[in-house]
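Here's the letter readout for the chains.
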Amino acid sequence: MQVHKYDVVIVGAGGAGMRAAIESGQRARTAVLTKLYPTRSHTGAAQGGMCAALANVEEDNWEWHTFDTVKGGDYLVDQDAAEVMAKEAIDAVLDLEKMGLPFNRTPEGRIDQRRFGGHTRDHGKAPVRRACYAADRTGHMILQTLYQNCVKHNVEFYNEYYVLDLLMVEEDAVREDGTPFKQKRAAGVVSYDLASGEIHVFQAKAIVFATGGAGKVFKTTSNAHTLTGDGMGIAFRRGIPLEDMEFIQFHPTGLAGLGILLSEAARGEGAILRNSEGERFMERYAPTIKDLAPRDIVARSMANEVREGRGAGPNKDYVLLDLTHLEPAHIDAKLPDITEFARTYLGVEPYTEPVPVYPTAHYVMGGVPTNIKGEVLQDNETVVPGLYAAGEVACVSVHGSNRLGTNSLLDINVFGKRSGIAAAEYAKTAEFVELPENPAAETEALLSAVRNSAGNERIASIRADLQETMDANMQVFRTKDSIAKALADIAALRERYRNIGIQDKGKRFNLDLLEAVELGFLLDLAEVMTVAALHRKESRGGHYREDFPDRDDANFMKHSMLYRDPAAETEGVKGIRFGTKPVVFTRYEPMERKY
Amino acid sequence: MTASTAEPASKVELPASVGGGGEIPTFDITLRVRRYNPEVSEESHWDEFKLTMYGTDRVLDALHKVKWEHDGSLSFRRSCAHGVCGSDAMRINGRNRLACKTLLKDLDTSKPITVEPIKGLPVEKDLIVDMEPFFQSYREIMPFLVAKGHEPTKERLQSPEDRERFDDTTKCILCAACTSSCPVFWTDGQYFGPAAIVNAHRFIFDSRDDAGDMRLEILNDKEGVWRCRTIFNCSEACPRGIQVTKAISEVKQAILARQF
Numbered sequence: 000m001q002v003h004k005y006d007v008v009i010v011g012a013g014g015a016g017m018r019a020a021i022e023s024g025q026r027a028r029t030a031v032l033t034k035l036y037p038t039r040s041h042t043g044a045a046q047g048g049m050c051a052a053l054a055n056v057e058e059d060n061w062e063w064h065t066f067d068t069v070k071g072g073d074y075l076v077d078q079d080a081a082e083v084m085a086k087e088a089i090d091a092v093l094d095l096e097k098m099g100l101p102f103n104r105t106p107e108g109r110i111d112q113r114r115f116g117g118h119t120r121d122h123g124k125a126p127v128r129r130a131c132y133a134a135d136r137t138g139h140m141i142l143q144t145l146y147q148n149c150v151k152h153n154v155e156f157y158n159e160y161y162v163l164d165l166l167m168v169e170e171d172a173v174r175e176d177g178t179p180f181k182q183k184r185a186a187g188v189v190s191y192d193l194a195s196g197e198i199h200v201f202q203a204k205a206i207v208f209a210t211g212g213a214g215k216v217f218k219t220t221s222n223a224h225t226l227t228g229d230g231m232g233i234a235f236r237r238g239i240p241l242e243d244m245e246f247i248q249f250h251p252t253g254l255a256g257l258g259i260l261l262s263e264a265a266r267g268e269g270a271i272l273r274n275s276e277g278e279r280f281m282e283r284y285a286p287t288i289k290d291l292a293p294r295d296i297v298a299r300s301m302a303n304e305v306r307e308g309r310g311a312g313p314n315k316d317y318v319l320l321d322l323t324h325l326e327p328a329h330i331d332a333k334l335p336d337i338t339e340f341a342r343t344y345l346g347v348e349p350y351t352e353p354v355p356v357y358p359t360a361h362y363v364m365g366g367v368p369t370n371i372k373g374e375v376l377q378d379n380e381t382v383v384p385g386l387y388a389a390g391e392v393a394c395v396s397v398h399g400s401n402r403l404g405t406n407s408l409l410d411i412n413v414f415g416k417r418s419g420i421a422a423a424e425y426a427k428t429a430e431f432v433e434l435p436e437n438p439a440a441e442t443e444a445l446l447s448a449v450r451n452s453a454g455n456e457r458i459a460s461i462r463a464d465l466q467e468t469m470d471a472n473m474q475v476f477r478t479k480d481s482i483a484k485a486l487a488d489i490a491a492l493r494e495r496y497r498n499i500g501i502q503d504k505g506k507r508f509n510l511d512l513l514e515a516v517e518l519g520f521l522l523d524l525a526e527v528m529t530v531a532a533l534h535r536k537e538s539r540g541g542h543y544r545e546d547f548p549d550r551d552d553a554n555f556m557k558h559s560m561l562y563r564d565p566a567a568e569t570e571g572v573k574g575i576r577f578g579t580k581p582v583v584f585t586r587y588e589p590m591e592r593k594y
Numbered sequence: 000m001t002a003s004t005a006e007p008a009s010k011v012e013l014p015a016s017v018g019g020g021g022e023i024p025t026f027d028i029t030l031r032v033r034r035y036n037p038e039v040s041e042e043s044h045w046d047e048f049k050l051t052m053y054g055t056d057r058v059l060d061a062l063h064k065v066k067w068e069h070d071g072s073l074s075f076r077r078s079c080a081h082g083v084c085g086s087d088a089m090r091i092n093g094r095n096r097l098a099c100k101t102l103l104k105d106l107d108t109s110k111p112i113t114v115e116p117i118k119g120l121p122v123e124k125d126l127i128v129d130m131e132p133f134f135q136s137y138r139e140i141m142p143f144l145v146a147k148g149h150e151p152t153k154e155r156l157q158s159p160e161d162r163e164r165f166d167d168t169t170k171c172i173l174c175a176a177c178t179s180s181c182p183v184f185w186t187d188g189q190y191f192g193p194a195a196i197v198n199a200h201r202f203i204f205d206s207r208d209d210a211g212d213m214r215l216e217i218l219n220d221k222e223g224v225w226r227c228r229t230i231f232n233c234s235e236a237c238p239r240g241i242q243v244t245k246a247i248s249e250v251k252q253a254i255l256a257r258q259f
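Which chain is which? The protein sequence lines are G and H, in order. Heads up: the first sequence begins at 0 in numbering that gives the first Met the number 0, then just goes up one per residue. Heads up: the second sequence begins at 0 in numbering that gives the first Met the number 0, then just goes up one per residue.
Rather than coming from a laboratory, the hints here were simulated on the basis of the structure. Accuracy of the hints is not assured; some may be wrong.
To be verified - The list that follows gives simulated cross-link-like pairs (lysine-lysine, DSS-like), each with its CA atoms no further than 25 Å apart:
#1 G:372 / G:181
#2 G:151 / H:153
#3 G:557 / G:372
#4 G:372 / G:580
#5 G:86 / G:97
#6 H:64 / G:504
#7 H:49 / H:104
#8 H:104 / G:218
#9 G:557 / G:580
#10 G:97 / H:153
#11 G:593 / H:10
#12 G:372 / G:97
#13 G:151 / H:147
#14 G:86 / G:124
#15 H:118 / G:506
#16 G:536 / G:573
#17 G:124 / G:593
#18 H:221 / H:118
#19 G:536 / G:484
#20 H:221 / H:251
#21 G:218 / H:110
#22 G:218 / G:484
#23 G:573 / G:557
#24 G:536 / G:479
#25 G:86 / G:372
#26 G:151 / G:4
#27 G:580 / G:479
#28 H:245 / H:221
#29 H:10 / G:315
#30 H:147 / G:97
#31 H:64 / H:110
#32 G:479 / G:573
#33 G:86 / H:153
#34 G:504 / H:147
#35 G:506 / H:64
#36 G:573 / G:151
#37 G:427 / G:4
#38 G:484 / G:573
#39 H:110 / H:49
This one's a predicted model, so the numbers in the text were calculated from it and none came from an experiment.
Please put together the full structure from these sequences, using the hints given.
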């Protein structure tokens, strides 16, 4: 075991992690730990754009953007955070441009902007051009630009270091009202070096979690194989709550059967969803903005068309994304990558044929709770000194129950920057927290249990069964029975997980070992998502209960907070404690959500 | 190019082909993988796996099938699985490609499909190579915007034509398929290699950048662009369709045309 010491350690080298690193690296001694190489992160797969009310092509302002974000999230958004994000969006885009990001340009040479789902002029009157973009590879350009600037600023990376544990100490403390509690404090992280199989402990004054999402709990997903929710899982195991985990975004246009993302920018540029009868069915569900309704509404509408027998294809199990009325030159200029995906993976020519699409698990709205500085909360209001989170792993909450398209690229830039600055500033005055004795003991025990496992269950088989049940029971339509089925399946899979056997017993590049560890996180998170979904007896944003089809503000206008607690039980599941957290309102009263 | 398009009819006649091609067929393949694990042996060897695959499966799916169902020790990098993260460049039937972008049905499945690590970088285990020398060359060409003068309060202006000038080379995903397909790089690991030059090109031809001369100086080195013999392997290998050899030629011309 080796021990390293840094002022700031950032976990994850996607957009949020590298944006934080650029700030932190110029202020404090910083290391970035990533389980991949920096430019491999899934930020690079984001396509359509990043919204900011630059008003370069038509009238717009950040207040409209705030409103759209709040309404898009079905009013479960913390409005103070949404306001920060929409305001700082403008500088976030300009920062990236100054760092070199090659945005598409208007004839006047300004950053061009296009339409995106749920982003509207004047509180829902009509779609607005707010998304700044670089063809349909905006995420790729953001990731490359941020890495380029990390190179410029000599940011120190530890590539292929898997962080597997978060080290914290607990101190007795007393709240203002006199009640005693245990104050957590961040001390460091434990990581596993893939190349050598060695454990490296990093002691740090401040730690930023920027580990991304957990889409791999589902079978049909736009997410990378590596998006296994490690950061959420680690925090949860260490007693940090997870907020709003029932809210998963299903992106409407995944390539049918594969889940590969086709950007909403296609619809922003004029593409239309059709059913087997050639109908533009979104006219029925969102008469004003039609195909540019928020993703939860479009995804449900698609699933409903299929359910009612109007799906296309031999099994009538998908709908069609029609770009055939767009000029091929326009498609080539604005949507080159996604049309290539359709050609490469489905053999469909988007110039002349509609593309088979179906909703695909895309984004976890929930995550590790933070305040607007990026500080992680150990309960509704207590900050964990020295611990920060940003990006998909975090829940600020700017996305509420449904994230608007482009707001994740924005989230990682705004809150990545904020958390990087806050972590470095904190580290300037803070002392190192002493590491616990045998800091890597639990990680070593976990790894050796997996490495020495000799059961007959294969990791891939358990993971596939988990993904099957989550797709079948926890997708866009949920009921008490379907969720309970998923929960029962997860319990059985946990039993099987006790009996795994891996084949690679070596030290070098042992991905067999790490896939087993990752599956442990997926199982934990699937259970948290499912328990939260069972508890929320209403429909809101990405969480739709057929047995409770309406939003119920009287009982459920609050964030879910799930804690790991051996003494507790929630919805029949032992070891999980349920709490709620109030939603922050500033200027918008909840209204019915119509488009 | 039209900025906006006419609102199409709310109902259209769909072509008959939309029904799709019916059931997706399965087929059998033999996957031949070059294995190497210095913990076990200093020698590499070939392993063969017989697999039944589906019509839309890619080489990556076949590798996963081996790892998940047959031999968990088979080691390779992958992440996004649709050609944007650059993790899984490998030599497939002797050509550098991304495993996640190579459909099995597009290969000759009557013969074994061979998969080897990319060449010219030290092999660590099975299909995993040490990428550090590759990234070292990338870092040396100053792969970041250097703009002199005052920062504007808003964005720097750039015409669509100026933006288009370097569009092709912004697509690079640093997968190393080009560099590790280059015979010059195989024999001389000091050569910067196509990917580094592509990334230099991306900034040299960006109208906002002021450090082009410095990059040209770096690439005028004996291990720089002049080592390129215009063999075109790199252009063929690029999974993003970047015209790599053309970009290298443009850098060569820029060095020759430069004012000293």
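Here is what the structure says about each hint:
1. Note on residue 372 of chain G and residue 181 of chain G: the hinted pairing holds, with a Cα-Cα distance of about 22 Å set against a maximum of 25 Å.
2. Under the criterion of a C-alpha separation no larger than 25 Å, the hint pairing residue 151 of chain G with residue 153 of chain H is consistent with the structure, at around 22 Å.
3. A hinted pair counts as satisfied when its Cα atoms are at most 25 Å apart, and residue 557 of chain G with residue 372 of chain G qualifies at roughly 21 Å.
4. Taken as a hint, the residue 372 of chain G and residue 580 of chain G pair is honoured in the structure, with Cα atoms around 18 Å apart against an allowance of 25 Å.
5. This hinted pair checks out: residue 86 of chain G and residue 97 of chain G have alpha carbons roughly 18 Å apart, not beyond 25 Å.
6. At most 25 Å may separate the alpha-carbon atoms for a hinted pair to count; residue 64 of chain H and residue 504 of chain G meet this at roughly 19 Å.
7. Among the hinted pairs, residue 49 of chain H with residue 104 of chain H is consistent with the structure: their alpha-carbon atoms are about 15 Å apart, no more than 25 Å.
8. Of the supplied pair hints, the one linking residue 104 of chain H and residue 218 of chain G holds, its CA atoms being roughly 23 Å apart against a limit of 25 Å.
9. Between the alpha carbons of residue 557 of chain G and residue 580 of chain G the distance comes to roughly 6 Å, so the proposed pair stays at or under 25 Å and holds.
10. The hinted pair formed by residue 97 of chain G and residue 153 of chain H meets the criterion: a straight-line CA distance of about 9 Å does not exceed 25 Å.
11. With a CA separation close to 23 Å, the supplied pair residue 593 of chain G and residue 10 of chain H stays within the 25 Å bound.
12. Between residue 372 of chain G and residue 97 of chain G the CA atoms are separated by roughly 24 Å; this keeps the pair inside 25 Å, and the hint holds.
13. At roughly 15 Å between alpha-carbon atoms, residue 151 of chain G and residue 147 of chain H fall within 25 Å of each other, so this suggested pair holds.
14. Proximity of residue 86 of chain G to residue 124 of chain G is assessed by CA-CA distance (about 21 Å); at most 25 Å being required, the pair is judged to hold.
15. With a C-alpha separation of about 24 Å, the suggested pairing of residue 118 of chain H with residue 506 of chain G holds against the 25 Å cut-off.
16. For a cut-off of 25 Å, the pair hint linking residue 536 of chain G to residue 573 of chain G stands: about 20 Å separates their Cα positions.
17. Using a Cα cut-off of 25 Å, the hinted pair residue 124 of chain G and residue 593 of chain G holds, with the two alpha carbons roughly 11 Å apart.
18. For the hint pairing residue 221 of chain H with residue 118 of chain H, the CA-to-CA distance comes to about 22 Å; that is within 25 Å, so the pair holds.
19. The suggested pairing of residue 536 of chain G with residue 484 of chain G holds, with an alpha-carbon distance near 16 Å, which does not exceed 25 Å.
20. With a CA separation close to 13 Å, the supplied pair residue 221 of chain H and residue 251 of chain H stays within the 25 Å bound.
21. About 31 Å separates the Cα atoms of residue 218 of chain G and residue 110 of chain H, which puts this hinted pair outside 25 Å; it is violated.
22. For the hint pairing residue 218 of chain G with residue 484 of chain G, the CA-to-CA distance comes to about 16 Å; that is within 25 Å, so the pair holds.
23. Our distance criterion of 25 Å between C-alpha atoms is met by residue 573 of chain G and residue 557 of chain G, whose separation comes to about 23 Å.
24. Distance hint between residue 536 of chain G and residue 479 of chain G is fulfilled; the C-alpha atoms sit about 9 Å from each other, no more than 25 Å.
25. Taking the CA atoms of residue 86 of chain G and residue 372 of chain G, the gap is near 15 Å; set against the 25 Å cutoff, the hint holds.
26. Using a Cα cut-off of 25 Å, the hinted pair residue 151 of chain G and residue 4 of chain G holds, with the two alpha carbons roughly 23 Å apart.
27. Restraint check for residue 580 of chain G and residue 479 of chain G: the C-alpha separation of about 23 Å stays at or below 25 Å, so the hint holds.
28. The straight-line distance between the Cα atoms of residue 245 of chain H and residue 221 of chain H is roughly 20 Å, inside the 25 Å bound, and the hint therefore holds.
29. For a cut-off of 25 Å, the pair hint linking residue 10 of chain H to residue 315 of chain G stands: about 18 Å separates their Cα positions.
30. Between residue 147 of chain H and residue 97 of chain G, the direct Cα distance comes to roughly 11 Å. Compliance with the 25 Å bound is thereby established for this hinted pair.
31. A C-alpha spacing of about 19 Å is found between residue 64 of chain H and residue 110 of chain H, which places the hinted pair at or below 25 Å, so the restraint holds.
32. Distance restraint check for residue 479 of chain G and residue 573 of chain G: the Cα-Cα separation of roughly 18 Å lies within the 25 Å cut-off, and the hinted pair is therefore satisfied.
33. With a CA separation close to 15 Å, the supplied pair residue 86 of chain G and residue 153 of chain H stays within the 25 Å bound.
34. Taking the CA atoms of residue 504 of chain G and residue 147 of chain H, the gap is near 54 Å; set against the 25 Å cutoff, the hint is violated.
35. With a C-alpha separation of about 22 Å, the suggested pairing of residue 506 of chain G with residue 64 of chain H holds against the 25 Å cut-off.
36. Taking the CA atoms of residue 573 of chain G and residue 151 of chain G, the gap is about 49 Å. The hint is violated against a cut of 25 Å.
37. In summary, the hint linking residue 427 of chain G to residue 4 of chain G is supported, as the alpha carbons are separated by about 14 Å, within the 25 Å threshold.
38. Distance restraint check for residue 484 of chain G and residue 573 of chain G: the Cα-Cα separation of roughly 16 Å lies within the 25 Å cut-off, and the hinted pair is therefore satisfied.
39. This hinted pair checks out: residue 110 of chain H and residue 49 of chain H have alpha carbons roughly 11 Å apart, not beyond 25 Å.
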